[in-house]
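Enquirer: So the chains spell out like this:
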Amino acid sequence: MLATRTLKELAEYLGGEVKGDENIAVNGLAPLESAGPDKITFLANPKYAAKVAETGAACVLMSPGAERHGRNAIEVANPYLAFAKLLTLFYTRPHPPLGVLPEANIGTMVALGEDISVYPGACIGNNVSIGDRTVVHSGAVIYEGAAIGDDCVIHANAVVRERCRLGNRCIIQPGAVIGSDGFGYAPDGRAYYRIPQIGIVVLEDDVEIGANCCIDRAALEVTLIRRGTKLDNLVQIAHNCQIGEDCMIVSQVGISGSTKIGDHVTLAGQVGVAGHLSIGDNVLVGAQSGVPGSLPANAAYSGSPTMPHKEWLRAMAVVPRLPELKKSISSLEKRIAELEAKLIET
Amino acid sequence: MLATRTLKELAEYLGGEVKGDENIAVNGLAPLESAGPDKITFLANPKYAAKVAETGAACVLMSPGAERHGRNAIEVANPYLAFAKLLTLFYTRPHPPLGVLPEANIGTMVALGEDISVYPGACIGNNVSIGDRTVVHSGAVIYEGAAIGDDCVIHANAVVRERCRLGNRCIIQPGAVIGSDGFGYAPDGRAYYRIPQIGIVVLEDDVEIGANCCIDRAALEVTLIRRGTKLDNLVQIAHNCQIGEDCMIVSQVGISGSTKIGDHVTLAGQVGVAGHLSIGDNVLVGAQSGVPGSLPANAAYSGSPTMPHKEWLRAMAVVPRLPELKKSISSLEKRIAELEAKLIET
Amino acid sequence: MLATRTLKELAEYLGGEVKGDENIAVNGLAPLESAGPDKITFLANPKYAAKVAETGAACVLMSPGAERHGRNAIEVANPYLAFAKLLTLFYTRPHPPLGVLPEANIGTMVALGEDISVYPGACIGNNVSIGDRTVVHSGAVIYEGAAIGDDCVIHANAVVRERCRLGNRCIIQPGAVIGSDGFGYAPDGRAYYRIPQIGIVVLEDDVEIGANCCIDRAALEVTLIRRGTKLDNLVQIAHNCQIGEDCMIVSQVGISGSTKIGDHVTLAGQVGVAGHLSIGDNVLVGAQSGVPGSLPANAAYSGSPTMPHKEWLRAMAVVPRLPELKKSISSLEKRIAELEAKLIET
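Protein sequences appear in the order of chains A, B and C.
Numbering-wise (the numbering used here), the first sequence opens with residue 1 and increments by one.
Numbering-wise (the numbering used here), the second sequence opens with residue 1 and increments by one.
Numbering-wise (the numbering used here), the third sequence opens with residue 1 and increments by one.
FYI, nobody ran anything at the bench for these hints, they're computed from the structure.
Honestly, I wouldn't trust all of these hints.
Each pair may be met inside one copy or between any two copies, as identical chains are not told apart.
For lysine-lysine, the following DSS-like pairs were computed, each having C-alpha atoms within a straight-line distance of at most 30 angstroms [what the hints assert, rightly or not]:
no.: 1; residue 1: 19; residue 2: 51
no.: 2; residue 1: 310; residue 2: 334
no.: 3; residue 1: 47; residue 2: 310
no.: 4; residue 1: 327; residue 2: 47
Make a model of the complete structure from these sequences and hints.
Expert: Structure (structure tokens):
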């Protein structure tokens, strides 16, 4: 049974205002098209405004002043955010603390916080510290000397290698690797001599790492991901990188060694970034782009190699017409040669 | 010792016809070049037809009417498929049921089928169901409430998260993650608010998932991969995607959220597909392409951004000649200016 | 406490020559900018030569004849290599042999070398052999019949599947998969029939595999990676590939089936290589390139599809100017039409 809440309660929770009957109660969320009379729905994209008239929902989350077609509504500044907050309210529960289950493997000198859960098959090395309410799922491996903050979730088969440090409320999806050795070798004739990677990885608070991501430890110092940054799945962060706050790094992006990324940067899917670069704050890089040099802040870029996004759009529009342009040039050359011949005659 | 089979037996098994001595026996398969007299080989590509005359094999699988150079042959409609079927016949054995080995971790209320094998270190959560003859390898983790069908193989360190459902005969290669959280956040000022991902992943029958793939659970409902579709390694499927039947998704492909892929689609290696698109049946997308918009059925596309494949081939042929074309244009401009000057004179 | 060494000792170790006071002792390494008087630093890139005058380090590793600004120096032929060797000397210790820890899972008929370490939660199947001094971390899974050489490190949650073979001094980062099934299917009408992948993977000595890489087993014979080759994270090597000696395969590269790569090849990040190709020795392929055909040795290539690297640089310089070139062509067409009209008049 889902708990029910009145629109009045929800409006107070969200800091919004009820339009209509504030005593109606709902027990969950559903999309505009499929919501029934016990559900609340939301209108975030004005494109779908007409659907409000037809929804079966008890209430619609909407921006102040949007047309509510006689429906009950809660007006909020950011309906999409309000939707996310109600999803959390209705559907998520704190993980019940299970303690250390008997089949988990715990090393020596381990500092365990309160109300933690460590599942069977999880392996926690010597001298590790785990914060309060943190959950370590089955098969996750925390190497010696690592430190994990409060309220973290380390999913199944994720790995945190020696001495790496995670802040509070970090979420590590299954299979992600934090602190693998950086890819550093010194040429020794034709062979390569391994450079010891003696640094660590630090993830600040609220960093989330997608499934099967790889974050390499620094050669000497720290590979750093700052507060609030989110990585999608299968992302590669090479050694010595510094990623700023509140960045969105979409799936399959690769960032080469020692590159610094500013705050609030978005790298779309499959982007590649070369090493030793500096990417400014608020930069947006389009999907599959290849970034060969540093990028100034507050702008959008695309292409491989990258150029300003609008320039790229215009250039790409020409690409399918290249054969035609080549033909035009040949034709022009012929016509000019004819003109030149005529003018010589005259 | 490999079992031996006569050509007569094999022809019956394959629904083919023996040309030559049907009583000869073979004990396995080998390539045309290296097969000995106890082996059967195959001719699938007419390019290699001349090698039939020189093979040391006892028999050649070939299309009806192909020249057999006096060799024994089994004529079958699809020699490559027949080769695959004989490989299966000669070299694969059903996994002997081992039961639940003592070092496996099994939760409460788990429904285990008959003749299963659960290896040491596998972790099966509460309320999971596992079908008959399914094999769960070491280190695989099945979260609470997941359901796995009959005859599945879950390889080492693969993860199936809570409530996800797999059909029958699914094969999950090592390290693959089924049901990681979708990458969904609502902007809250400059920071991002996590949107709970309360949906699941459903894999229908005969779906195979490559090593270290990531299939995200839906935000609200289902990320769906339909019957018979195969994923190569390191593929990313974002939340809410629907992939049709009998698709081939090659390594390192990434498909963004809520995109629908038709039946019998092939996405070659490293393709990226944007979100909320629709890709028609039988579409083929060339390697490294970037798909920014929906693609009509029954056609081949390439490029980033994509265009019809043949158009792309022609455009790419021009790219290396761009500097030369630019020069031609400059030269034309100069010649025209000269002509114009002359005409004014005259 | 770090051990200290005199410059004399270090010069002997490196085969270099001290310039200045050979009796000074240091206890570690640091960058030019931040090194204190108990540290040694290095000058590998002449671009930073001026920093030697200002470094606080006790000594600088440098090329013979470089300006030492009155500092103590050790002259060596390859300062970067010397730096790597001293990092190893000062900061790495052989792994203390722990034996098989009680919570590790060891099958039957397993041949274990001397001075090994097998961590809790590691799973070693039947008939596996593990060489001397090899370390198998928690959650690593070695399937039946695999063979691992001496002095290897198999990190947490890595997987080595049945019958695969690793040489000596191989390092497998966390989550890497050696021997997953190759992606091989025979079309059977619209559906796909699985081709059993009965081959193996062989990694020769000194091969290193990055986190979450996937190396597929061969269909029939061997997927081979030769001595000294290093793979960065998230690399895909398909079935039947052969990779030569001392190659550098950077993160997120994908190599399709049956391709042969020569010795000392570098594939930069996110490169894709089609199947059944041959890449010559000493080839360098630029980041994000797509290789559709075989590449001759001793050259650099870039682009998707690839072309000689310098040709690609020139072509890419034109891409942002395509809209302008298109306009120029239109303008030329108009001007020529006018000229043609005039000439007809005259």
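Enquirer: Now, for every hint given, state plainly whether the structure supports it.
Expert: Hints versus structure:
Taking the closest pair of Cα atoms, residue 19 and residue 51 come within 30 angstroms of each other only inside a single copy of the chain (18 angstroms); across copies the shortest separation is 68 angstroms, beyond that limit. Proximity of residue 310 to residue 334 under the C-alpha cut-off of 30 angstroms is restricted to the inter-copy arrangement: shortest distance 27 angstroms between copies versus 34 angstroms within a copy. Taking the closest pair of Cα atoms, residue 47 and residue 310 come within 30 angstroms of each other only inside a single copy of the chain (24 angstroms); across copies the shortest separation is 36 angstroms, beyond that limit. When the C-alpha separation of residue 327 and residue 47 is checked against a cutoff of 30 angstroms, the pair qualifies neither within a copy, at 43 angstroms, nor between copies, at 36 angstroms.
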